[in-house]
Amino acid sequence: MRVSVQEQAFDLGAESTAFAAGHRDMGAIVTFTGVVRDLPDDPMEAMEIEHYPGMTEKALQDIAEQAMIRFALGDALVIHRFGRLTPGEMIMMVATAARHRKDAFAAAEFLMDYLKSRAPFWKREISAKGAEWVAARDEDEEALSRW
Amino acid sequence: MDVLYFAWVRERIGLPRERVETDARTVMDLVTQLRAREERYAMAFSDLTALRVAVDQQLTDFDASIEQAREVAFFPPMTGG
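Chains Y and Z, in that order, give the protein sequences. Counting from 1, position 95 in the first sequence corresponds to residue 95 in this note's numbering; the numbering is continuous, with no gaps. In short: position in the second sequence from 1, add 147, done, that's this note's numbering.
It is worth saying that the hints were derived from the structure and are not from the lab. Warning: the hint list may mix true and false statements.
With a straight-line cut-off of 16 Å between C-alpha atoms, the simulated EDC-like cross-links for lysine to aspartate or glutamate are [claimed, not checked]: (1) Lys129(Y) with Asp38(Y); (2) Lys58(Y) with Glu218(Z); (3) Lys58(Y) with Asp203(Z); (4) Lys129(Y) with Asp41(Y); (5) Lys129(Y) with Glu45(Y); (6) Lys102(Y) with Asp75(Y).
Stretches of chain Y that chain Z covers, calculated by requiring three or more beta carbons in the stretch to come under 8 Å of a beta carbon on chain Z [unchecked claim]: (7) 109-117; (8) 120-134.
Ideal Cβ positions, reconstructed from N, Cα and C, are used throughout, including at glycine.
Model the full structure from these sequences, guided by the hints.
Written out as structure tokens, the structure is:
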């Protein structure tokens with residue numbers, strides 16, 4: 001299991017390949033990648049991601065450990081960036097390895113649901129109109145109740 | 148103890164962290180003391196439903212004890228992923 005909070009970009013291909021290579025007894029690898037998406041009516045110049053150094057690493061570690069136990073994973077990977085990103089750039093990725101795909105998919109969704117509202121990151125969108133903090137959505141909080 | 152602010156809470160208060168000498172026993176006591184300081188604090192803490200709190204880097208609620216705490220952080224709901 002590995003958790004990384006970093007400013008620099010990551011290589012999705014290299015990370016996925018390295019993750020998948022280490023698990024001969026795991027039949028299913030799922031990866032999810034979050035990308036900065038442009039705003040259709042108000043082109044975004046950048047997304048700034050602030051985080052809480054120290055707590056962020058602990059929170060991600062804790063969420064990944066819960067996923068490992070709950071879905072009997074062979075391994076899990078979480079990479080989340082902070083700092084200034086532009087549209088099209090990858091923000092974060094998760095990868096899960098399980099014996100069967102059902103657990104691998106469910107664990108990836110579990111990780112994403114918890115990352116959204118329990119990991120101390122805050123996004124701010126910067127466009128020609130100015131800068132605005134992204135508001136948390138009620139659905140993101142409600143998504144946790146299914147686990 | 149150290150009190151930290153993130154995102155728009157940091158912007159409203161105007162600083163990312165500060166050292167606070169306090170006899171507050173709970174997060175809520177600390178909020179009450181901070182609110183009484185200046186308008187910018189009162190503004191930042193005007194709606195607690197829009198805020199989250201972590202004590203020693205663990206999410207908790209406003210009733211939590213801070214008697215042994217080294218670090219208390221206030222911030223809006225998180226938007227990771």
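- Would you list, in rising numerical order, the hints stated earlier that this structure does not obey? Nothing - there is no hint that the structure violates, so all of them hold.
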